[in-house]
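**Student:** Chain by chain, the residues:
Number of protein chains: 2
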Amino acid sequence: MPDMQLLDRLRHAVAAGFDEQTRFLAELVRFPSVRGEEAPLQDWMARQLAARGYSVDRYTLADIDLANLPGFSPVLDTDYTRAVQVVGARRATSPTGRSLIIQGHVDVVPTGPVELWSSPPFTAAVQGEWLQGRGAGDMKQGVSAMVFALDAIRTAGLEPAADIYVQTVTEEECTGNGALSTLARGYRADAVLIPEPTDGTITRAHVGVMWFRLLVRGVPVHVARAQSGTNAIMSAYQLILAVQRHTDTLNEAARQDPWFGAIPDPIKFNPGVLRGGDWASSTPSWCEVDCRIGLLPGTTLEEARLGVQRCVAEAARVDGFMANNPPEITWNGFQADGYVLEPGSEAERVLAACHHAVFGTEMEERRSTAVNDTRFYGLYHRMSALCYGPRGENHHGFDEGAHLPTLQQITLAIACFVAEWCGVREAR
Amino acid sequence: MPDMQLLDRLRHAVAAGFDEQTRFLAELVRFPSVRGEEAPLQDWMARQLAARGYSVDRYTLADIDLANLPGFSPVLDTDYTRAVQVVGARRATSPTGRSLIIQGHVDVVPTGPVELWSSPPFTAAVQGEWLQGRGAGDMKQGVSAMVFALDAIRTAGLEPAADIYVQTVTEEECTGNGALSTLARGYRADAVLIPEPTDGTITRAHVGVMWFRLLVRGVPVHVARAQSGTNAIMSAYQLILAVQRHTDTLNEAARQDPWFGAIPDPIKFNPGVLRGGDWASSTPSWCEVDCRIGLLPGTTLEEARLGVQRCVAEAARVDGFMANNPPEITWNGFQADGYVLEPGSEAERVLAACHHAVFGTEMEERRSTAVNDTRFYGLYHRMSALCYGPRGENHHGFDEGAHLPTLQQITLAIACFVAEWCGVREAR
Numbered sequence: 063m064p065d066m067q068l069l070d071r072l073r074h075a076v077a078a079g080f081d082e083q084t085r086f087l088a089e090l091v092r093f094p095s096v097r098g099e100e101a102p103l104q105d106w107m108a109r110q111l112a113a114r115g116y117s118v119d120r121y122t123l124a125d126i127d128l129a130n131l132p133g134f135s136p137v138l139d140t141d142y143t144r145a146v147q148v149v150g151a152r153r154a155t156s157p158t159g160r161s162l163i164i165q166g167h168v169d170v171v172p173t174g175p176v177e178l179w180s181s182p183p184f185t186a187a188v189q190g191e192w193l194q195g196r197g198a199g200d201m202k203q204g205v206s207a208m209v210f211a212l213d214a215i216r217t218a219g220l221e222p223a224a225d226i227y228v229q230t231v232t233e234e235e236c237t238g239n240g241a242l243s244t245l246a247r248g249y250r251a252d253a254v255l256i257p258e259p260t261d262g263t264i265t266r267a268h269v270g271v272m273w274f275r276l277l278v279r280g281v282p283v284h285v286a287r288a289q290s291g292t293n294a295i296m297s298a299y300q301l302i303l304a305v306q307r308h309t310d311t312l313n314e315a316a317r318q319d320p321w322f323g324a325i326p327d328p329i330k331f332n333p334g335v336l337r338g339g340d341w342a343s344s345t346p347s348w349c350e351v352d353c354r355i356g357l358l359p360g361t362t363l364e365e366a367r368l369g370v371q372r373c374v375a376e377a378a379r380v381d382g383f384m385a386n387n388p389p390e391i392t393w394n395g396f397q398a399d400g401y402v403l404e405p406g407s408e409a410e411r412v413l414a415a416c417h418h419a420v421f422g423t424e425m426e427e428r429r430s431t432a433v434n435d436t437r438f439y440g441l442y443h444r445m446s447a448l449c450y451g452p453r454g455e456n457h458h459g460f461d462e463g464a465h466l467p468t469l470q471q472i473t474l475a476i477a478c479f480v481a482e483w484c485g486v487r488e489a490r
Numbered sequence: 063m064p065d066m067q068l069l070d071r072l073r074h075a076v077a078a079g080f081d082e083q084t085r086f087l088a089e090l091v092r093f094p095s096v097r098g099e100e101a102p103l104q105d106w107m108a109r110q111l112a113a114r115g116y117s118v119d120r121y122t123l124a125d126i127d128l129a130n131l132p133g134f135s136p137v138l139d140t141d142y143t144r145a146v147q148v149v150g151a152r153r154a155t156s157p158t159g160r161s162l163i164i165q166g167h168v169d170v171v172p173t174g175p176v177e178l179w180s181s182p183p184f185t186a187a188v189q190g191e192w193l194q195g196r197g198a199g200d201m202k203q204g205v206s207a208m209v210f211a212l213d214a215i216r217t218a219g220l221e222p223a224a225d226i227y228v229q230t231v232t233e234e235e236c237t238g239n240g241a242l243s244t245l246a247r248g249y250r251a252d253a254v255l256i257p258e259p260t261d262g263t264i265t266r267a268h269v270g271v272m273w274f275r276l277l278v279r280g281v282p283v284h285v286a287r288a289q290s291g292t293n294a295i296m297s298a299y300q301l302i303l304a305v306q307r308h309t310d311t312l313n314e315a316a317r318q319d320p321w322f323g324a325i326p327d328p329i330k331f332n333p334g335v336l337r338g339g340d341w342a343s344s345t346p347s348w349c350e351v352d353c354r355i356g357l358l359p360g361t362t363l364e365e366a367r368l369g370v371q372r373c374v375a376e377a378a379r380v381d382g383f384m385a386n387n388p389p390e391i392t393w394n395g396f397q398a399d400g401y402v403l404e405p406g407s408e409a410e411r412v413l414a415a416c417h418h419a420v421f422g423t424e425m426e427e428r429r430s431t432a433v434n435d436t437r438f439y440g441l442y443h444r445m446s447a448l449c450y451g452p453r454g455e456n457h458h459g460f461d462e463g464a465h466l467p468t469l470q471q472i473t474l475a476i477a478c479f480v481a482e483w484c485g486v487r488e489a490r
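Chains A and B, in that order, are what the protein sequence lines are. The opening position of the first sequence corresponds to residue 63 in the working numbering, with each subsequent residue numbered one higher. The opening position of the second sequence corresponds to residue 63 in the working numbering, with each subsequent residue numbered one higher.
The reader is advised that the hints may include incorrect statements.
As the list claims (entries may be wrong) - Residues from chain A that keep clear of chain B, each with C-beta distances beyond 12 Å, as calculated:
#, residue
1, F80
2, Q110
3, S161
4, R250
What the hints assert, rightly or not - Each pair of labels, with its calculated beta carbon distance range:
#, chain 1, residue 1, chain 2, residue 2, range
5, A, D125, B, G98, 35 to 43 Å
6, B, A124, A, R92, 37 to 45 Å
7, A, T143, B, E191, 49 to 57 Å
Hints are computed from structural coordinates only; laboratory data are not their basis. Where is the CB? At the ideal position from N, CA and C, for every residue including glycine.
One chain only, chain A, in its complex shape:
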């Protein structure tokens, strides 16, 4: 049970700072920080943290040797000299409490057709209680909560009694290599909090995710058969259908899973990007499909890859085009294990108490059919890694939004957690 007087001080401090926090969030949303374009935002963030008195470590993914670390995902088509990572450290002079990493990602997924947004996606439009924009929900609002929860502690006249690292990373939406790099650089703590938009729930388990590219290309058997479907684009479609059937089989088996058995179809397969052919009047000789498929915690990446490879090979054998031109699979992007936050950790107990103190309700748990960065800390480094944050909507969709009233409450819950976990002292 948190100290209620302390909580009141923090509540006032969060409330006093919330207008500024909302402006900070709007500023964050205005950076079009899609993959590969996060550097200007990260530069701004480094200056923000430095101005607040953090010791800032700014580096790029090109500075770090990642390829042999557990959890690394291979990457094509990107420039890691521009993948800037930021770690702000607030070191306690005489640390007495428990240390904490509080981390958020600043990369966002593409907007899709901007005409389908009510307001342009990087303008941070406010609609009632919602602040909208690509990344507003996932997870720039969480980043604002990290920064302003710690600001609130200072505003309340307090300072943490243990080391705190505020980290803003990239690559969460495609590999997780940003989070991985902070571990490679040596950052460790007694707990990790990642305020993804969980709407005040704790993420008990998340699936793993793999990305792969199907590449079909070759010489059409005969142009006269073009209209019967013997071309690279139509053959790629056969592969998609085959992986859909494979996914159905996996979801059948998933009904027995201890963590995901109650979730209908927890394994999502998504053919997300398709490109093929060059000319309306030429039979397409190539097609590539960027795909995403989930896997349950406990399934190895190797097993999951093998399943996809087998079903693709079988579909290729019976297709007129691919029998002569076998497709290739490239594992490019996420090769991410699933992760279960084992119940019973002290960090979770402290967070649950803060949540209850702020919201007056129990902190519920969720199973996520998407991946997040906690796996790196929890799975490969045995830290308690908590994924808990504000309410968002339409993540990866149109009119993505952050729910501002919830954001204020979650910011308070996080401030409370920092105070209880790290301990606080009256600032001198």
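Guided by the hints, dock chain B onto chain A, whose structure is given.
**Tutor:** Relative to the frame of chain A, chain B by itself:
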């Protein structure tokens, strides 16, 4: 029956020039004159014709008001200020014979993946009797035949007795607006010859062709249904399958066609380019497919469009994604009528006689399931428009090639045709 002594003079002249013609063809093939990039080739061609004494008219499609002319095809995504057209005129001082337009296109279709070529596609590699490269067959060899047939007449000490226009145009592979522009500019003649790679046959009839873009986009119903196919890419596939079925129905009816009844499945539908989605982990919210479909001579474009529109609308109604997000069809590119060269024209008789004199066999006729530029002259301006030319292979495919021995014979047949149609005099 051509004058055999004249034919011998021309045969020697063509043979004497054939090494140079082969170099000329190789030079042509080395221009990467894909759509929108033809201007440097056309500049070179204008200088080649000027050096030979032609009066050159060079202009761009941006100079001509085309949109209201019969046969015009609408265009997106291109810059007509760079679409250079070239007409070289050789005017007879005192014309006595019949005038002639001899036309070839210099635009080529995209190469597809260059790794799938035996030699890079713009290097004009020679493999035995074949000169290879994108456009070598279709139809840069025909362009070389035009120029060198006329050169041969001069080499033989002769000059045409009527006006001749040598035209190199663009846009044949996507709209035909290059050919259309020469008519808008006023060029007319008593006959037209287009030496497409017909392997020494005359094209009796060609189908029409329409291009259209299917655009599917919108908001997925629910992300949880992503793997069951409710997304823009999978819905676009439903449209493709629907147009394939529609095409099957059209081909059933085509068995009764007077010109194409004997050709199996003369109407080809090709989904040639597909693009959709932005991110492997986001449900695709948009997909576009660039398609090509044929139509028989006598079917109006309006009828053909209506058939496609109906089948797309029906497929959309029963699809989970498109029922809420109706697809759009854009008619972009070819809106080309079919054309029949009615048998019995004097121009065809003269050409057939020359073909027989050169090859010793009858000139056979073909029905083409692809379109060519003759329709503009024949359909809208009642000129005899002959499509007759050399032998090529793998047009629009890999390792496209021109068969050099046939090219030499066809060049002679064309020289013979020019001499017989226009008449020749001893040069002064």
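**Student:** A range of 37 to 45 Å was offered for this pair. Does it hold for the Cβ distance of B:A124 and A:R92?
**Tutor:** 39 Å, holds
**Student:** Is 35 to 43 Å a correct range for the gap between the Cβ atoms of A:D125 and B:G98?
**Tutor:** 42 Å, holds
**Student:** Measuring Cβ to Cβ, find out whether A:S161 lies farther than 12 Å from everything in chain B.
**Tutor:** 32 Å, holds
**Student:** According to the definition I'm using, a residue is off the interface if its beta carbon is farther than 12 Å from all beta carbons of the partner; does A:R250 meet that for chain B?
**Tutor:** 29 Å, holds
**Student:** Is the Cβ of A:F80 farther than 12 Å from every Cβ of chain B?
**Tutor:** The assertion about A:F80 holds, with a minimum of 30 Å to chain B.
**Student:** Using Cβ atoms and 12 Å as the threshold, tell me whether A:Q110 really stays out of contact range of chain B.
**Tutor:** At about 28 Å from chain B, A:Q110 clears the 12 Å cut-off, so the statement holds.
**Student:** Between A:T143 and B:E191, does the beta-carbon spacing fit 49 to 57 Å?
**Tutor:** Holds, at about 51 Å.
Of the hints listed earlier, there is not a single one the structure fails to meet.
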